[in-house]
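Participant: Fit chain B to the known structure of chain A by using the hints.
As you go down the protein sequences, you meet chains A and B in turn. Just so it is clear: in the first sequence, position 157 is 157 by the UniProt record's numbering, and no numbers are missing. Just so it is clear: in the second sequence, position 56 is 56 by the UniProt record's numbering, and no numbers are missing.
The hints are simulated quantities; they were obtained by calculation from the structure and are not laboratory data. Please note that the accuracy of each hint is not assured.
Restricting the straight-line Cα-Cα distance to at most 30 Å, the calculated cross-link-like pairs of lysine-lysine (DSSO-like) are [claimed, not checked]:
hint : chain 1 : residue 1 : chain 2 : residue 2
1    : B       : 36        : A       : 12
2    : B       : 81        : B       : 36
3    : B       : 56        : A       : 159
4    : B       : 18        : B       : 161
Note that the structure is predicted; figures quoted are calculated from it, not measured.
There are 2 protein chains.
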Amino acid sequence: MKDLEEKTIVKKDIYKGKIIDLELHDVSLPNGNTSKREIIQHPGAVAVIALTNENKLVMVKQYRKALEKSLVEIPAGKMEKGEAPEITAMRELEEETGYSCESMEPITSFYTSPGFANEIVYLYFANRLTRIHENQALDEDEFVELLEVTIEEAEEMMKNKQIHDAKTAYALQYIKLQRLNQK
Amino acid sequence: MKDLEEKTIVKKDIYKGKIIDLELHDVSLPNGNTSKREIIQHPGAVAVIALTNENKLVMVKQYRKALEKSLVEIPAGKMEKGEAPEITAMRELEEETGYSCESMEPITSFYTSPGFANEIVYLYFANRLTRIHENQALDEDEFVELLEVTIEEAEEMMKNKQIHDAKTAYALQYIKLQRLNQK
Numbered sequence: 001m002k003d004l005e006e007k008t009i010v011k012k013d014i015y016k017g018k019i020i021d022l023e024l025h026d027v028s029l030p031n032g033n034t035s036k037r038e039i040i041q042h043p044g045a046v047a048v049i050a051l052t053n054e055n056k057l058v059m060v061k062q063y064r065k066a067l068e069k070s071l072v073e074i075p076a077g078k079m080e081k082g083e084a085p086e087i088t089a090m091r092e093l094e095e096e097t098g099y100s101c102e103s104m105e106p107i108t109s110f111y112t113s114p115g116f117a118n119e120i121v122y123l124y125f126a127n128r129l130t131r132i133h134e135n136q137a138l139d140e141d142e143f144v145e146l147l148e149v150t151i152e153e154a155e156e157m158m159k160n161k162q163i164h165d166a167k168t169a170y171a172l173q174y175i176k177l178q179r180l181n182q183k
Numbered sequence: 001m002k003d004l005e006e007k008t009i010v011k012k013d014i015y016k017g018k019i020i021d022l023e024l025h026d027v028s029l030p031n032g033n034t035s036k037r038e039i040i041q042h043p044g045a046v047a048v049i050a051l052t053n054e055n056k057l058v059m060v061k062q063y064r065k066a067l068e069k070s071l072v073e074i075p076a077g078k079m080e081k082g083e084a085p086e087i088t089a090m091r092e093l094e095e096e097t098g099y100s101c102e103s104m105e106p107i108t109s110f111y112t113s114p115g116f117a118n119e120i121v122y123l124y125f126a127n128r129l130t131r132i133h134e135n136q137a138l139d140e141d142e143f144v145e146l147l148e149v150t151i152e153e154a155e156e157m158m159k160n161k162q163i164h165d166a167k168t169a170y171a172l173q174y175i176k177l178q179r180l181n182q183k
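Isolated chain A, as found in the complex:
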């Protein structure tokens, strides 16, 4: 087993933002040479698979400025400082969709872009949904459209790229695997 570690020699804070920070590290490589690493610090996020009593997947459509287009995704949001991920998951589900759930079951977690960012997504399954309010309770700069679709409709949306993000793609495969394993 080689020692692959890259040790920071100098760290430069390039930008401290509302959601992300950018750091530039001069690192020493395993062979003794040096290189630069651009790193995005992110607070981490949660995402929620929520199925209604009619077995429809609760989804949100929102404008993604980085892509200059709207995507349909499973409900998600970034963690507040000191907030446990399952609490974030409950809060985001309720704010974005008006649904509450009996419990949040952890499914898995993954780093989204380990090559340049430390963002981690904790994925949950929302057990037993209840509609607690008709309206969403969004942040003041958040505009989100609620959708409820069958898995077949979601797969069609993945084909035509209305759904086009890693966490939602993972979630759809997860649901299909669960169903095949139940057969």
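Facilitator: For chain B alone, kept in the frame of chain A given last:
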């Protein structure tokens, strides 16, 4: 259907780097208010599911400075300017693993972090591998350890978080779904 678009009023280039650029956009929101969006521009990447003749998954272990630890992932790499993704996929597979393949079959693509970055990953399946050289041909600042594991071993590595990134998590589910559907 609401118009969710967020129009840029002012764009500020904060940082232009080797791999990522950071931009800060003042945007006008659907309700007429304004907000700020922090955006990472990334050239996009490819990732490759490569199974050996013994049905083992070809994987690479590398240090991820953003996480300050090593992860085991499927072979991947960022696209060079003007390079078609399947060419990048062939090149990265060969450089990181010493394997060539007969053809690269596109599986899907996804944005990894649409909330703040435009990074897209094109996922391929490498058909019919051939070992073309014993050694890797890595970039001068790239240190990568080659692994070949069964799917069961990969799932165990996912449980203990040696595997912990979105594209590899997606790839493992993809392989399981293929196998269940072939039964």
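Participant: Confirm or reject each hint.
Facilitator: Evaluated hints:
| no. | hint | result |
| --- | --- | --- |
| 1 | B:36 - A:12 | holds (23 Å) |
| 2 | B:81 - B:36 | holds (29 Å) |
| 3 | B:56 - A:159 | holds (29 Å) |
| 4 | B:18 - B:161 | holds (29 Å) |
Checked against the numbered hints given earlier, the structure satisfies every one of them.
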